[in-house]
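Student: Work the whole structure out from these sequences, hints included.
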Amino acid sequence: MSNGLSQIITITASNLRSVSERKAASIVAVAGIAGVVAILVGVLSMREGFRATLDQAGAKDVAIVLRSGSAAELSSGLTLDQTRIISGASSIVQKNGVPAASPELYVIVDVPMRSTGTEANVPLRGVGAQATRVRSKFKLIQGRMFTPGRFEVMVGRGAASQFAGLEVGKSVRWGTTDWDVVGMFEDGGSVSESEIWTDATVLQGAYRRGSSFQSVRVQLGSPSAIKSFKDELSVDPRLNVRVLSEYEYFSEQSKSLSTLINAVGYTVALLMGLGAIFGALNTMYSAVSARTREIATLRALGFGAWPVVSSVVTESMLLGLLGGVIGCLIAYLGFNGIRASTLNFASFSQITFAFAVTPALLAKGLLYALALSFIGGIMPGIRAARLPITSGLREL
Amino acid sequence: MSTLVRIHELTKNFQRGSELVQVLQRLDLEIPQGDFLALMGPSGSGKSTLLNLIGGLDRPTSGSIEVAGHDISKLNDTALGRWRADNVGFVFQMYNLLPALTAQGNVELPLLLTSLSASERRQRAAAALQLVGLSERAQHKPRELSGGQEQRVGIARAIVSDPTLLLCDEPTGDLDRKSGDEVLDLLQALNDQQGKTIIMVTHDPRAAERARRVLHLEKGQLVRESV
Ligand SMILES: Nc1ncnc2c1ncn2[C@@H]1O[C@H](COP(=O)(O)OP(=O)(O)OP(=O)(O)O)[C@@H](O)[C@H]1O
Ligand SMILES: [Mg+2]
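For the record, the sequence lines run as chains A and B. For the record, in the first sequence the residue sitting at position 4 is 4 according to the numbering used here, with numbers rising by one throughout. For the record, in the second sequence the residue sitting at position 20 is 1020 according to the numbering used here, with numbers rising by one throughout.
Simulated from the structure, these hints should not be mistaken for lab results. Predicted model, so just to flag it, every value in this text is computed and none were measured. Treat the hints with care, as some may be off.
[As the list claims (entries may be wrong)] A partial selection of chain A residues facing chain B, derived with a Cβ cut-off under 10 Å:
1. Thr10
2. Ile11
3. Ala13
4. Ser14
5. Asn15
6. Ser18
7. Ala31
8. Ala296
9. Leu298
10. Arg299
11. Leu301
12. Thr390
13. Leu393
[What the hints assert, rightly or not] Going by beta-carbon spacing under 7 Å, a handful of chain B positions derived as facing chain A:
14. Ala1085
15. Phe1090
16. Leu1101
17. Arg1213
Ideal Cβ positions, reconstructed from N, Cα and C, are used throughout, including at glycine.
Tutor: In structure tokens form, the structure reads like this:
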């Protein structure tokens, strides 16, 4: 039919001009969709931030060596001899004859959260002089490094902001030992920033670990060197170890949490989305029923079902778009950059990260809003187009 | 005069729950080109039903309706819509103007279904408004008009695409006597001067007097004809 577009435009414009007469219902629909989009984007931004943190943490040219069969550092264990053999591998980067290999110890301590005051698990990592060589972004930002042999710690930036009593100059008590906080560091936003570091030898003593370690981190020449490094260690009969890149390690660690955040996020968004669809449906049904006689008149004049349906759907989607934009704004202003910490189930330690409301997420939110409002509009639209004209004309 | 509408054994039933409502029963009717026919009868006798069937808004249970030689009961929904746009102008008791559009916009509506350009549509609508004497009200919204003015806009909308048939269901039913007379003057002029074929449902004998013929519908049958 000719003039199809102007039919749709005229009818839609006429609809939209009557939106003000249906203000309350329209506001409910817009608010419903805005809420759903804000929550969806919020939850996904949490996942995004979480993933970004783990991505930062995972260098592909740094390998972690654990005891074979260990999923995480916490359950791993390596003897001093084993760490020496590992450190001797030829693929490890050398500087002044010293391999960039860092045997490390990993225990969990309880520290109260700033926000709630409740105690949470924080990793206390025992490191040696090589620790900073396998973490290229490491930077001391306050105070100094701990002195080997003393009960001193330095705290990651994330840990310091999330947990109470970790300010430089303060002293904390874990078990029967008092520790002095002497410095604060950052590590390019990685998981290390959620940790507290001390001298490995001191930690071995304090936690009766003898001379054992839990992992060795090594710097390789390139990401591809991991294969030869793995091969080299696997043929050594004195070792029974598991080698993986730091990147692999963290993706593995975060898999369950990412899955959980995803599942929770999408479930919440889905449930709320259903609510929003009902809101939109309700709005559009009332919009349509308020206009039943108008629609019947248009159809009596010879307008087809298609312009009627598309005008109802267009109106619904414009409301949805408005709701989506508002929801995105709320999510952006409300969530972007917020720091949070969460328990990493695999390592039973806290990871701090910032919510990241990315453009891709905003686009996703808008798309979701449009999808919701499309569904909310199409059904009343079809119903309006199907109602017998003579019934519509009798409507008051 | 040639016959424009030929109705043969027209039957229309409605299903209301389990009850079958028999509204029109084997009704025959011929309407010549240029006629001005008034349909009268008690409430519920099926006047609107008959008018809607002639206008292609509804379909007969059985029987045929030929308009200008075409059996409209054989058209599908899309074709029927196009047929209405080309052949029928409706005037409703409650005017049924779109409240968001101006008088001009309302009159232009049926022309959106034609291939006319925007400026041609504007000119035609303006001419139709002039014919009903409402040129100065072209930019007014329906709620800024009196009932009589609204109905004249309704008539302008009905005639703007130059339809074969003008169907009016109680066009003066909601108007005071003076406005009603103006509307009837207009319809009569359209019939006399432009030869428009008009079928008008009415309860008002004064309105029916304006027509060339008056038919009475009772219990699904045409019972009496007064000329
Ligand atoms: N869609 C429908 N479904 C069921 N019954 C209907 C339907 N449309 C009309 N009817 C019935 O058909 C009968 C005739 O209705 P119609 O509207 O044609 O009467 P009318 O003569 O125009 O009356 P009025 O003078 O009150 O306008 C009535 O009994 C009405 O209830
Ligand atoms: Mg009636």
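Student: The structure should be examined with respect to each hint, and the outcome stated for every one.
Tutor: Quick rundown of the hints versus the structure:
{"no.": "1", "hint": "Thr10", "verdict": "holds (6 Å)"}
{"no.": "2", "hint": "Ile11", "verdict": "holds (9 Å)"}
{"no.": "3", "hint": "Ala13", "verdict": "holds (7 Å)"}
{"no.": "4", "hint": "Ser14", "verdict": "holds (4 Å)"}
{"no.": "5", "hint": "Asn15", "verdict": "holds (8 Å)"}
{"no.": "6", "hint": "Ser18", "verdict": "holds (5 Å)"}
{"no.": "7", "hint": "Ala31", "verdict": "violated (24 Å)"}
{"no.": "8", "hint": "Ala296", "verdict": "holds (8 Å)"}
{"no.": "9", "hint": "Leu298", "verdict": "holds (7 Å)"}
{"no.": "10", "hint": "Arg299", "verdict": "holds (7 Å)"}
{"no.": "11", "hint": "Leu301", "verdict": "holds (5 Å)"}
{"no.": "12", "hint": "Thr390", "verdict": "holds (5 Å)"}
{"no.": "13", "hint": "Leu393", "verdict": "holds (7 Å)"}
{"no.": "14", "hint": "Ala1085", "verdict": "holds (3 Å)"}
{"no.": "15", "hint": "Phe1090", "verdict": "holds (6 Å)"}
{"no.": "16", "hint": "Leu1101", "verdict": "holds (6 Å)"}
{"no.": "17", "hint": "Arg1213", "verdict": "violated (25 Å)"}
Hints 7 and 17 from the list above are not met by this structure, while the remaining hints are.
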